[in-house]
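S.K.: Spelled out, the chains give:
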Amino acid sequence: MPSVKDLAEKTIAVTGGHRACAGCPEPMIARWILMSSDRPVIAALATGCLEVCSTIFPYTAWNVPYIHVAFENVAAVASGIVTACKALKKRGEYDKEVNIVAFAGDGGTYDIGLQALSGALERGHRFVFVCMDNQAYMNTGIQRSGATPHYAATTTSPAGAQAKGKPQKRKDIMGIVAAHGIPYAAQAAPSHWKDLLTKAEKAFKVDGPAFLNVLIPCNLGWGFEPEETLELSRLAVETCFWPLYEVENGKVKINYKPRHKVPVVEFLKRQRRYRHLFEGDHKELLEEIQSEVDQNWQQLLSREALSAA
Amino acid sequence: MSEPAMPSQKVEEVSYQILALSGNEAQALAMKQINPHMVAAYPITPQTEIVMTFAQYVADGLVETEFVSVESEHSAMSACIGGAASGARTMTATSAQGLAYMWELLPIASAMRLPIVMAVVARALSANLNIHCDHSDVMGARDSGWIILFCEDPQEAYDTLIQAVVIAERAKLPVMVVTDGFVISHAVHPVRVLPDEAVRHFVGAPQPAYSLLNVDQPITVGPVDLPDYFMEHRRQLTDAILEALPIVQQVGQEFADNFHTKPYGLIETFQTEDADVILVGMGSFCGTAQAAVEKVRREGQKAGLVKVRAFRPFPQSEIFKALRFAKVIGVMDRADSLSGTGGPLFTDIRAAFYDRLVTLKPQAVTSLVPCPSPKIVNAIYGLGGRDVTVPQIYQFIMELFDVAAGKTVSQTWRYLGVRE
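Protein sequences appear in the order of chains H and R. For the first sequence, the residue numbers in numbering that gives the first Met the number 0 are 0 to 308. For the second sequence, the residue numbers in numbering that gives the first Met the number 0 are 0 to 419.
If you are wondering where the hints come from, they were derived from the structure by calculation, not from laboratory data. Because the structure is a prediction, the values reported are computed rather than measured. Misleading hints may appear alongside valid ones.
Stated by the list, open to error - Ranges between beta-carbon positions, derived for each pair: (1) Gln-55/R x Pro-157/H: 51 to 61 angstroms; (2) Gln-142/H x Thr-237/R: 27 to 37 angstroms; (3) Leu-300/H x Gln-235/R: 53 to 63 angstroms; (4) Gln-270/R x Gly-91/H: 32 to 42 angstroms; (5) Asp-94/H x Gln-206/R: 48 to 58 angstroms; (6) Asp-142/R x Gln-142/H: 29 to 39 angstroms; (7) Gly-91/H x Tyr-15/R: 23 to 33 angstroms; (8) Gly-91/H x Gln-249/R: 28 to 38 angstroms.
Beta carbons: idealized from backbone N, C-alpha and C, even for Gly.
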C-alpha cells in the first residue's frame, strides 16, 4: 500500500458536493479505490446509490471519465470499454495504460447484475469490479436482495406477526465469483481501510478480472446513527459476520482474524433491521445467526488451511 | 424492386466482383470490409451466420476487429455502448427475442448519441416461438431513437450496412439495418461487391467528439437528469432525429455517386406518377409486389409501388408526395401493432396524410395541395414467415381498384393470406 503521504498527493477522483446521505461511506470508498490505481482510471457505474448521488446534471462529482448505462449491465459496459481500449491500441490509435473499474451495489452484483458479471469474468477482461454491498436495495427504499442477511427486516421482507425478516440466507457472492477462477477476489470493509486500499491496489495490478466486495454499513437501511458507520463496519469484522479475506489465484487467505471473536448479537442489536429479534423471546433465532456466522468462519479457516497446505 | 443493380458503362474506375451471397454473408462481408474496432454479439437465428462468419474472419486474421462473444444480447448492446463511448467503431447483429432483450439499451444508445450499427435480421417475436420473418421485432424497437433502414435484397443489405456506418457517425445516432429473416438472410443473390479499399475509404476513420479513453479530459456520460433538464435533452434528441433524414439521403447519394449503384434515398417509387392504386411496403415484399404491379400494368390498370427504405426517422413528406395523387393506397404491414387499429406502417402513413391535409397551417400545404384525399387500406401479411405471393398481392390490388370505384370495405385493415 502507498504511504498516507503519497495518497494525500493523489488527485481527488470523487469530489465533495455529491448528494450521498450523511454517514454513507460509498463516495469515500470510491475515492480510496481510485487512489489505489497507479494508472488513470475510467469508471463505469451501475444504477444505484453511488450513481444517483454523484452525477445529478449539470453536476458531476467525478474527476475521471465516467459512464453510467443501466442497472444490470455494468460489467458488460466495462467489457466494452476494455475492448475498445485494446482495439484502438492494436491500431496505434491509443497509447495510454489505464485501469477500468466498475461499481455496482449488491443488487447490481448478486441479483440483476449477476449474468453480466459472470459473462465478463468468464471472458477474462482486465477490469476491477467493485460491489458496494449495503445488503439491500437501499436506493429504492430498502428492499431485500440476494445479499440481505438472514432475518434482517427490509421493506419487502418485513418483520410481522408471521415473519421474522428475511427468511433466507444471503448468497455467497465471493464463492460464486471465485468459482470463475479469476486471479483475484477479495472482501473488505471501510473500517479496515489499509486492508481495503491494499486489496484495491492488488486488484488493479492483476492481469484479468478482479473483484472486491466491500461492506457498506447503511445508516438508513440498517437503522443506526450516521456517525456510527465505521463502528458498525468494525463490529461486522470483529464478530466475523464480515470476514476480511481474499482469494488470490484460487488460494484463500484471511487477512484479519479477531483475537477475541465478538458475539454477533453485539453487531445485530445496534441495528433497527434486527430490532424484531430483540422484542420478545427470539433467543433461538439469534443463536441460529451466531451458528451460521461460526460455521462460515470455520469453513473459511479450513479453506485457508487447505490453500496453505 | 426496380432494376437489378447492374453496372452502367461509368463504372470502369471501380473494380468490383459479383459474388453469389446470402443476405447474411453479404452483411458479414460488409462488416469485414468496414473492419470495425469492435463487434460484440450473441447468436440467434436467423442472424447467427453473420456472427459466425465474422468470428471466422477474426480467427483467420482477415480483420483487426476485437470480437467480444458476450453472454446475451443485453450485454452485446451494453458492450457496444461502452465501446462506442470510448471512441471505438462498434457493430452488432441480432434478431427477434435478442432485439427485444436488448430493448432497454436501445434508447440509451440513441440518447447518448452513440453511432452503433446493428444488423437486424427480422424475425417474429414469440409466442408462439417462430424463427421466421416478420417485422414485429423491429416494430417493438421503432420508437427508440434509432435510425431504421429496411433492405429488399442482399445487395441492398450489403450497400446499406456500409452506408449505415457513415450515417451513424454523421448523425451521431445508432442505425439498424433490417433484412428479412430467411427471405433475405438465407437466400443467395448475385451481389456486386466493392473492393476492400473502396469500402474503407468510403467509411473513413471515426472522428468521435468525445471519448471515455481521453483521461486528460474526463467526461461524465449518462448522468441523472431531474425534471429541470430531462425535457431539454429529449428535445435535442428529437432535433437530431429530424436532422438525420437529410443525412440518410445524402449518404445514399454519395454511395451511389461513388460506386455507380442504383440510387439510395429515403423511399423508392415504382410507377407511382399516374397510379390510381399504390401499394406501400418495406423489405423483401417489394420485389414480389413489383411483379404484381407489373402484371396489373400489363392489363392496363394504373398501379404503383412505394418502398419505404428509411422507416425511422419517418420520411413523412416524401411519402406524402409520392402517394398524394393516388385514389387508394394499400399499406402492407409485416407486423400487427395489436392495437386494434392495423399495422404500424399503416398508422404512420395515415397520420402523414392527416397532418398534410388537415392540421398544417394553410400556407404550409399550398405547395402540396390541392389533391384528393385518398382512401387508405391496410393489409397485414407474412407473419411468422407466411409466404406472400404475386397472385395474392395481385388480388389485393384488384380489391383496391374496387375501392377506387366506390366499393366500401367493412374494415380498413385486415389479414392477408390467413385461414379464418
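S.K.: Taking the hints in turn, state whether each one holds.
M.R.: Evaluated hints:
Take Gln-55/R and Pro-157/H: their Cβ atoms lie about 55 angstroms apart, and the range 51 to 61 angstroms holds. For Gln-142/H and Thr-237/R, the Cβ-Cβ distance of about 35 angstroms falls inside the hinted range of 27 to 37 angstroms, so the restraint holds. A beta carbon spacing of about 58 angstroms between Leu-300/H and Gln-235/R agrees with the range 53 to 63 angstroms that was offered as a hint. Checked against the hint of 32 to 42 angstroms, the C-beta distance between Gln-270/R and Gly-91/H comes to roughly 52 angstroms, which is inconsistent with it.
In this structure the supplied range 48 to 58 angstroms is violated for Asp-94/H paired with Gln-206/R, their Cβ-Cβ distance being about 18 angstroms. Range check, Asp-142/R to Gln-142/H: about 31 angstroms between beta-carbon atoms, so the 29 to 39 angstroms window is met. Checked against the hint of 23 to 33 angstroms, the C-beta distance between Gly-91/H and Tyr-15/R comes to roughly 30 angstroms, which is consistent with it. A C-beta distance of roughly 31 angstroms is found between Gly-91/H and Gln-249/R, which places it inside the suggested range of 28 to 38 angstroms.
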